[in-house]
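A.B. asks: Each chain is listed here by its residues.
2 protein chains.
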Amino acid sequence: MSTDDTADTADASTTDDSSSKCGGTTVEADASTTEAESASKCGGATTETETETESKCGASSSSESSTSGCGASTDDEEEVGSTADDFDAEPGSLVTVGLGPGKPEGMTARAKAALADAEHIVGYRTYVDLLPDEIVEDAEDIYSTPMCGEVSRTEEAIDRTLAGNDVAIIGSGDPNVYALSGLALEILESKGGSAKAVDFEVVPGVPAAQSCGARLGAPLVNDTVSVSLSDHLTPMEEIESRLHAVAGEGFTVAIYNPWSRKRRENFQTCCDILLEHRDPDTPVGIVHGASRDDEAAMITDLETLPELGEEEIIDMTTTIVVGNEDTYVWEDRMVTPRGYETKYDY
Amino acid sequence: MSTDDTADTADASTTDDSSSKCGGTTVEADASTTEAESASKCGGATTETETETESKCGASSSSESSTSGCGASTDDEEEVGSTADDFDAEPGSLVTVGLGPGKPEGMTARAKAALADAEHIVGYRTYVDLLPDEIVEDAEDIYSTPMCGEVSRTEEAIDRTLAGNDVAIIGSGDPNVYALSGLALEILESKGGSAKAVDFEVVPGVPAAQSCGARLGAPLVNDTVSVSLSDHLTPMEEIESRLHAVAGEGFTVAIYNPWSRKRRENFQTCCDILLEHRDPDTPVGIVHGASRDDEAAMITDLETLPELGEEEIIDMTTTIVVGNEDTYVWEDRMVTPRGYETKYDY
Numbered sequence: 001m002s003t004d005d006t007a008d009t010a011d012a013s014t015t016d017d018s019s020s021k022c023g024g025t026t027v028e029a030d031a032s033t034t035e036a037e038s039a040s041k042c043g044g045a046t047t048e049t050e051t052e053t054e055s056k057c058g059a060s061s062s063s064e065s066s067t068s069g070c071g072a073s074t075d076d077e078e079e080v081g082s083t084a085d086d087f088d089a090e091p092g093s094l095v096t097v098g099l100g101p102g103k104p105e106g107m108t109a110r111a112k113a114a115l116a117d118a119e120h121i122v123g124y125r126t127y128v129d130l131l132p133d134e135i136v137e138d139a140e141d142i143y144s145t146p147m148c149g150e151v152s153r154t155e156e157a158i159d160r161t162l163a164g165n166d167v168a169i170i171g172s173g174d175p176n177v178y179a180l181s182g183l184a185l186e187i188l189e190s191k192g193g194s195a196k197a198v199d200f201e202v203v204p205g206v207p208a209a210q211s212c213g214a215r216l217g218a219p220l221v222n223d224t225v226s227v228s229l230s231d232h233l234t235p236m237e238e239i240e241s242r243l244h245a246v247a248g249e250g251f252t253v254a255i256y257n258p259w260s261r262k263r264r265e266n267f268q269t270c271c272d273i274l275l276e277h278r279d280p281d282t283p284v285g286i287v288h289g290a291s292r293d294d295e296a297a298m299i300t301d302l303e304t305l306p307e308l309g310e311e312e313i314i315d316m317t318t319t320i321v322v323g324n325e326d327t328y329v330w331e332d333r334m335v336t337p338r339g340y341e342t343k344y345d346y
Numbered sequence: 001m002s003t004d005d006t007a008d009t010a011d012a013s014t015t016d017d018s019s020s021k022c023g024g025t026t027v028e029a030d031a032s033t034t035e036a037e038s039a040s041k042c043g044g045a046t047t048e049t050e051t052e053t054e055s056k057c058g059a060s061s062s063s064e065s066s067t068s069g070c071g072a073s074t075d076d077e078e079e080v081g082s083t084a085d086d087f088d089a090e091p092g093s094l095v096t097v098g099l100g101p102g103k104p105e106g107m108t109a110r111a112k113a114a115l116a117d118a119e120h121i122v123g124y125r126t127y128v129d130l131l132p133d134e135i136v137e138d139a140e141d142i143y144s145t146p147m148c149g150e151v152s153r154t155e156e157a158i159d160r161t162l163a164g165n166d167v168a169i170i171g172s173g174d175p176n177v178y179a180l181s182g183l184a185l186e187i188l189e190s191k192g193g194s195a196k197a198v199d200f201e202v203v204p205g206v207p208a209a210q211s212c213g214a215r216l217g218a219p220l221v222n223d224t225v226s227v228s229l230s231d232h233l234t235p236m237e238e239i240e241s242r243l244h245a246v247a248g249e250g251f252t253v254a255i256y257n258p259w260s261r262k263r264r265e266n267f268q269t270c271c272d273i274l275l276e277h278r279d280p281d282t283p284v285g286i287v288h289g290a291s292r293d294d295e296a297a298m299i300t301d302l303e304t305l306p307e308l309g310e311e312e313i314i315d316m317t318t319t320i321v322v323g324n325e326d327t328y329v330w331e332d333r334m335v336t337p338r339g340y341e342t343k344y345d346y
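If you're matching them up, the sequences are chains A and B in order.
Residues in the first sequence are numbered consecutively from 1, following the working numbering.
Residues in the second sequence are numbered consecutively from 1, following the working numbering.
This is chain A alone, in the form it adopts within the complex (with noise of 0.2 Å):
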């Protein structure tokens, strides 16, 4: 539940809004930061994206965006997109669950079994597509929603919820990880549900950083920082505000979110800020769709990664992994010391 629900190369890294650097076509897609829009610029990806389009896809209206129709709220004719009380049926169960990295062999099998539980799957189309067979085949309902952005869709699943049905909001990497956990207790809480009542629940998944940091070998072993770039729903002065405190002292930096068309400033900010902290020789990995079919990772060093923000390599699928002073590179894996070597001889 990394956040991101657009381009199909996304999922281990966070996603919020994009623009097609292949097509040259800008779709302003999602107003949202965590799953919204995004659009690959590595070819051939899917052009899918997400516009926060609430009159189209609020909850009222849902069904229509519904893979197999559905609403059971609208089955039974209860009111849908409305409050706790418009409900006379007992509260069903809802859990966020993180699919981890792009694949289903990225799974914990605790996600597999909360998503076998679940009469309705909630998600962005892409994340739909990842899940194993068998969890479709048996879902009774699968809600995506390939035009609609993340607010309107936990909408619909909170709704579906107090409903009566047992829900399950799924998502690539980690629900708490710029991801959607958040906002479905916010949602419920506006609703005059319970998060008791629900038996609400968090499956967690592995992190983007956590897969990113896996296919560089061990860069994130030490103390760790992870910040978006996405100034969407915080703002950049912030989010600068935070890079400085962090990059004088010896975190190791996961970037998520770092570009899009509309935010190619943050990225030049961004590494103006740790350049003027760092050594230039500082190792940076470079992970595109970590565990995807289009998969890319390099490990460069921060002088040059500003001249990387219009590579294909870095999009909003992309998690950059900046090492800290002790962070060097070794057969191609980036490695930051924990500090044995201070106290072992090995």
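A couple of the hints might just be wrong.
It does not matter which identical chain is meant; a pair holds if it fits inside one copy or across any two.
Said to hold, decoys possible - Cut-off 30 Å, straight-line C-alpha distance, at most; resulting in silico cross-link-like pairs (BS3-like, lysine-lysine):
(1) K262 / K196
(2) K196 / K343
(3) K103 / K343
(4) K343 / K262
(5) K103 / K262
Bear in mind the hints are in silico, worked out from the structure with no lab data behind them.
The model shown is predicted, which means the values in this text are computed figures rather than measured ones.
Go by the hints and put chain B onto chain A.
C.D. replies: What follows is chain B alone, placed relative to chain A:
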């Protein structure tokens, strides 16, 4: 592979040294930080610790602590514990595998497959005990060290790899989070081995921060930093400097290795620094032994945190999540808004 190598309550969080709070016995255990000692103060837990007695547990005498004798290298009388040149065989493969939180259901399918492929599985006994039966039964050999530290055990794993065996090093959480992927690469290099030749691979797992975040609700939805309070491999001045830097910014903070008998002061210092920058009412989530049988969780506030250091819920198997200024508690769930409420009505 979240660094905890110790009490059977560990796993979802990191541990790196410890001593019993209940038994009153202070065990001067492993000198290492990520997998080291620790012991439960929750009663009934294991008293296993890892003492870094390299002379006892060094690679050359490793078979004495192997659960099944073994050691391919001793079987064929090659010398173990030396350099790559000492081995005639083609090296095997080496994979570090994150088991995720405590129970097998928290493991990814990829992790399970990697373990099934491995001929030798190397890990702290607590983690070996968490493996599914079929993995244990299928393995040619399991090398577990109830009394040895992670440095000697990792050396043993590298030696076995260089001797031609396909080896998996296991740990809870993720192999990049205060864990052994880096040490494995460092030792492989020091022995003159090659990451390419052994086809070194890291299989990520769900880290403790995510397991604990999921248990608490949605506390880690925005920019987050992870900090270990163990000063065994990182000087306390650096830890303090990092805490000061991030506490004044909008990060949520995941605290690993929060307490041990030997490091009571670090916990209090951490609380003091956080209270210097953040409101006393800031929500704090505490999860002990996430996803284990003795899992315990509570939500409190920053003002109350210092006095909990001596309570059973906080030990080296605990991860603490400190909210940012926007974090709130609703129905025993800790929520850090992503910022949707600033742009959407719901």
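A.B. asks: With reference to the structure, classify each hint as holding or not holding.
C.D. replies: A quick look at each hint next to the structure:
Taking the shortest Cα distances, K262 and K196 never come within 30 Å of each other, neither inside one copy (40 Å) nor across copies (39 Å). Proximity of K196 and K343 under a CA criterion of 30 Å is satisfied inter-copy only: 27 Å between copies versus 49 Å inside one chain copy. Neither within a single protomer nor between protomers do K103 and K343 lie at most 30 Å apart by alpha-carbon distance, with minima of 40 Å and 32 Å respectively. For a Cα distance limit of 30 Å, the shortest separation of K343 from K262 across copies, 18 Å, qualifies, whereas the shortest one inside one copy, 48 Å, does not.
Taking the closest pair of Cα atoms, K103 and K262 come within 30 Å of each other only inside a single copy of the chain (29 Å); across copies the shortest separation is 43 Å, beyond that limit.
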